[in-house]
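Dock chain B against chain A, hints included.
For reference, the chains in residue letters:
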Amino acid sequence: MNERDLKEKAQILDDKGMRRALVRIAHEIIERNKGVENVALIGVRRRGVPLAQRLAKYISDIEGTTVPVGILDITLYRDDLTTLANQPQVHQTEVKFPVTGKKLVLVDDVLYTGRTVRAALDAIMDLGRPEVVQLAVLIDRGHREIPIRADYVGKNVPTSRKEVISVRLTEIDGEERVVILEGTE
Amino acid sequence: MFWQRKDLLGLRQLTPEEINLVLDTAVPMKEIIGRKIKKTPTLRGRSVVTLFYENSTRTRSSFELAAKFLSADTVGLSASGSSVAKGESLRDTGLTLTAMGVDVVVMRHPASGAAEYLARCIPAAVINAGDGTHEHPTQALLDMFTIREKKGSLAGLKVAIVGDILHSRVARSNIWGLTKMGAEVRVVGPATLLPPDIEQMGARVYTEVEAALEGVDVVNVLRIQLERQQQGLFPSLREYSRLFGINQKRLELTAPDALIMHPGPMNRGVEIDPQVAYGNRSVINEQVTNGVAVRMALLYLLTGGEHNAISH
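So the protein lines, in turn, are chains A and B.
Residues 1 to 185, numbered by full-length UniProt numbering, are exactly what the first sequence covers, in order.
Residues 1 to 312, numbered by full-length UniProt numbering, are exactly what the second sequence covers, in order.
Derived from the structure by calculation, the hints contain no laboratory data.
Even for Gly, the Cβ is constructed at its ideal location relative to N, Cα and C.
There's no promise every hint is true.
[To be verified] Derived EDC-like pairs: lysine to aspartate or glutamate, alpha-carbon spacing no greater than 20 Å straight-line: (1) K36(B) x D122(A); (2) K180(B) x E17(B); (3) K38(B) x D122(A); (4) K36(B) x D126(A); (5) K7(A) x E182(A); (6) K38(B) x D126(A); (7) K180(B) x D24(B); (8) K34(A) x E131(A); (9) K158(B) x D217(B); (10) K155(A) x E28(A); (11) K151(B) x E239(B); (12) K68(B) x D122(A); (13) K38(B) x E94(A); (14) K162(A) x D5(A); (15) K30(B) x E94(A); (16) K39(B) x D126(A); (17) K151(B) x D257(B); (18) K39(B) x D122(A); (19) K39(B) x D73(B); (20) K38(B) x E64(B); (21) K36(B) x D80(A); (22) K30(B) x D126(A); (23) K36(B) x E18(B); (24) K38(B) x E54(B); (25) K30(B) x E286(B); (26) K155(A) x E176(A); (27) K68(B) x D79(A); (28) K36(B) x E94(A); (29) K39(B) x E94(A); (30) K39(B) x D80(A); (31) K30(B) x E149(B); (32) K57(A) x E94(A); (33) K30(B) x D122(A); (34) K96(A) x E149(B).
[Stated by the list, open to error] In silico contact screen, one side only, chain A against chain B (beta carbon under 8 Å); selected entries: (35) S60; (36) N86; (37) Q87; (38) H91; (39) L121; (40) D122.
Chain A with its partners taken away, still in its complex shape (with noise of 0.2 Å):
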């Protein structure tokens, strides 16, 4: 399905509310985790990793410690590889810190089936063995298909399988907003 073939049906957030649920989260993780010693932020590819470079600054803006951020890409751990078309492109992971003994906090825009969260935590268990591992995600849009819950929640918003959300940030998309969209048919 292509975004483009979609027509806009509801925007959820705005920049101020964007940033308000991450400042949130920010707030969240520094507190579950009583401070950030030993905490590191681990963006999923794509929008995941804008979103853990801004989850980085408020907690660095509120407890003046910077906390590492690494960036994973789980395509070479995807469920769906042999019923695709064509194999999706591999991008780099740049994890440059060891994840072993850390309270690693995982960061992607939208969580559905789960199965991408399920990748990247074989992808996350390849890199070494952290000491707890958490999910933050600016969208929950339910539809689980596998046993996975998200520890920070920017936004539940229920929807129908066929709607789309799409998150747009600026340093990928050039606009800050969350949409709901669905087909034209």
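Leaving out everything else, chain B in the frame of chain A:
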């Protein structure tokens, strides 16, 4: 851009975009080789056969490790010690492997064109790991990956390939690939070891090594293939070494940051001086690491879905 070919037979057929896709895919693969746990589940349940009708250590182990790092199952077959020694034809061997459910066949064969023939006979993906004096595409891709990693890009670079060009499938694949990517390729060696048609491939031909090395960014030193030198094409190894061997003094003619490459195995003291081979400009060991990364990339791309249908 997606990979669409069933096989990798040579660089002659590939577009610059396809070459870039392979090289780009090899970058994340290299990161995996640097991990403690060198394994991803990507090719779980896929099977790769290495079918070698000629001797090889590095190409074969490189392919087998590449497949294992991506969780594919591998089987190694050599011409000696298999049904080939009993006279089974290449086509029948291919069909037998297909019947066993093989997804990728990596083949080295002494006859030019053997990989293309096999690719037409079987539905599995075929990777040419060297066919006669024709092509050795994965070696050229790993050479290009190494150059690109060190120099940032291939376009505009001057690359000298030194040695036995006539018998070298490595040279042919490198010429096809590098010229497509916008590099200038110079070849130099004894006149008897320079094929007459090499200029038509886009390479500049030199007979004096000093002239060829002038200002180059990369020197790719080929192995003198002792097993193919029984026809008296040059008088002696000593003379070859004196006229074409790459030593410290000749290196001064190149660009100051020129890379020294060699596809291996080296005849140290013949085509390359040990000082140069182990010197700080040598990237010979990195080539070996990069070889695994490039082959992982190819195995990944070639095991894609039903859309990998362009056969040649």
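Results of checking the hints against the structure:
1. K36(B) x D122(A): The given pair, whose Cα atoms are some 15 Å apart, holds under the 20 Å limit.
2. K180(B) x E17(B): Satisfied, since the Cα-Cα distance of roughly 10 Å is no more than 20 Å.
3. K38(B) x D122(A): Roughly 13 Å between the alpha carbons, so the hint for K38(B) and D122(A) holds.
4. K36(B) x D126(A): holds, 8 Å
5. K7(A) x E182(A): holds, 5 Å
6. K38(B) x D126(A): The hint holds at about 8 Å.
7. K180(B) x D24(B): Measuring from Cα to Cα gives roughly 16 Å; hence the hint holds.
8. K34(A) x E131(A): Holds, because 15 Å separates the two Cα atoms, which is no more than 20 Å.
9. K158(B) x D217(B): holds, 5 Å
10. K155(A) x E28(A): holds, 14 Å
11. K151(B) x E239(B): Given that 20 Å is the threshold and the Cα spacing comes to 33 Å, the pair is violated.
12. K68(B) x D122(A): holds, 17 Å
13. K38(B) x E94(A): Between K38(B) and E94(A) the Cα gap is close to 15 Å, so the pair holds against 20 Å.
14. K162(A) x D5(A): Status holds; Cα separation ~13 Å.
15. K30(B) x E94(A): With a Cα-Cα distance of about 12 Å, the restraint between K30(B) and E94(A) holds, given a limit of 20 Å.
16. K39(B) x D126(A): holds, 7 Å
17. K151(B) x D257(B): With Cα atoms ~10 Å apart, K151(B) and D257(B) stay inside 20 Å; holds.
18. K39(B) x D122(A): Distance ~11 Å between K39(B) and D122(A) Cα, so the pair holds.
19. K39(B) x D73(B): With a Cα-Cα distance of about 13 Å, the restraint between K39(B) and D73(B) holds, given a limit of 20 Å.
20. K38(B) x E64(B): Roughly 13 Å between the alpha carbons, so the hint for K38(B) and E64(B) holds.
21. K36(B) x D80(A): Status violated; Cα separation ~26 Å.
22. K30(B) x D126(A): Satisfied, since the Cα-Cα distance of roughly 15 Å is no more than 20 Å.
23. K36(B) x E18(B): violated, 31 Å
24. K38(B) x E54(B): violated, 29 Å
25. K30(B) x E286(B): holds, 11 Å
26. K155(A) x E176(A): Given that 20 Å is the threshold and the Cα spacing comes to 15 Å, the pair holds.
27. K68(B) x D79(A): holds, 18 Å
28. K36(B) x E94(A): holds, 15 Å
29. K39(B) x E94(A): holds, 16 Å
30. K39(B) x D80(A): Holds - the C-alpha atoms of D80(A) and K39(B) are around 18 Å apart, at most 20 Å.
31. K30(B) x E149(B): Given pair K30(B), E149(B) holds - Cα atoms ~11 Å apart, limit 20 Å.
32. K57(A) x E94(A): Satisfied, since the Cα-Cα distance of roughly 19 Å is no more than 20 Å.
33. K30(B) x D122(A): holds, 19 Å
34. K96(A) x E149(B): Distance ~19 Å between K96(A) and E149(B) Cα, so the pair holds.
35. S60: This interface hint is violated because 27 Å lies over the 8 Å limit.
36. N86: Holds: closest Cβ of chain B sits about 4 Å from N86(A), inside 8 Å.
37. Q87: At 4 Å from the nearest chain B Cβ, Q87(A) passes the 8 Å test, so the hint holds.
38. H91: Interface hint status for H91(A): holds (6 Å vs cutoff 8 Å).
39. L121: Hint violated; L121(A) Cβ to chain B Cβ min 12 Å, cut 8 Å.
40. D122: Holds. Min distance 7 Å.
Hint compliance for this structure: hints 11, 21, 23, 24, 35, 39 are not met, and every other hint is.
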